[in-house]
Amino acid sequence: NAGVTQTPKFRVLKTGQSMTLLCAQDMNHEYMYWYRQDPGMGLRLIHYSVGEGTTAKGEVPDGYNVSRLKKQNFLLGLESAAPSQTSVYFCASSYEGARTGELFFGEGSRLTVL
Amino acid sequence: AQRVTQPEKLLSVFKGAPVELKCNYSYSGSPELFWYVQYSRQRLQLLLRHISRESIKGFTADLNKGETSFHLKKPFAQEEDSAMYYCALRKLGGADGLTFGKGTHLIIQP
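So the sequences go chain by chain: A and B.
Those letters in the first sequence? Residues 1 to 114, per the working numbering, in order.
Those letters in the second sequence? Residues 1 to 110, per the working numbering, in order.
To be clear, the hints were calculated from the coordinates, so they are not data collected in a lab.
Where is the CB? At the ideal position from N, CA and C, for every residue including glycine.
Each hint should be verified, as a subset may be incorrect.
Lysine-lysine pairs mimicking DSSO-like chemistry, simulated, CA-CA at most 27 Å apart [to be verified]:
no. : chain 1 : residue 1 : chain 2 : residue 2
1   : B       : K102      : B       : K57
2   : A       : K57       : B       : K57
3   : B       : K102      : A       : K57
4   : A       : K57       : A       : K9
5   : B       : K102      : A       : K9
6   : A       : K9        : A       : K70
7   : B       : K9        : A       : K9
8   : A       : K71       : B       : K91
9   : B       : K65       : B       : K15
Residues from chain B shown here face chain A by an in silico Cβ test under 7 Å; the list is partial [unchecked claim]:
no. : residue
10  : L46
11  : K57
12  : D96
13  : F100
14  : G101
15  : K102
16  : G103
Make a model of the complete structure from these sequences and hints.
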C-alpha cells in the first residue's frame, strides 16, 4: 500500500524555471493538501483541495498554482521559480477535511532554486 | 486567524527523565488539537489527538482551554523518542487542513 507518493523527491532549478510536483494517493481520500516546510517555520499550507476539480488557497499561495483533475492526483506548479521557494514540500491527504485530524503525508520533495 | 506556538526549537533531556513539549494556541472558536511526530527519515505522522484522550508510546497531552495549551508529556524518555514534534490545530468543522506550530526537536541523550 503506497499511501501518498510524491515525485520527484529532489530537484534543483534555476531562477525563472518552471516545474510541477506530483502527488498521488491511493486511499480514495477526498481532501489533499500541499505544505512547505522551512527551518524554524514549521509547515505552512500552500493550497488545498476538497475534491476533484476544486482547489483553494492556503496560508502561502503566492507563486504557486495547483490542479486536481483526478481525485487521486494533486499537482503543485511553480511557473517561475524563485530562491525563496527553496524548501521541502509535503503533500498530504485525508478523509473529509481531516475530520479525525489525521493527515497522511508523503515523504517530501526537496526543491532547491539557485 | 488561528495560531500555534511551540516556544522551544530544541529540547534535550537524558534517557529516563521526564519530557514536556509545550504547545500554546490562539483561536476564537473550539479547536481540535493534535501532536504529530517526524522520526529521522520517516514521514510525518499523527501521534495523538486531544479528543481521544489516549496515551500513545507513553505520551499524553491534555487540552487546557483556560491556558490555551496542549503540552505533550512523557514521564520517562526513551532514546527512540528523539524526533521532531509538531503541535497542530484544526478549526471545528474546518476543511482547510491543520495549522502547525514551528516544531520542537527533541533529543534524548543516553
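Name the hints, by number, that the structure is in violation of.
Hints 2, 9, 11 not satisfied by this model.
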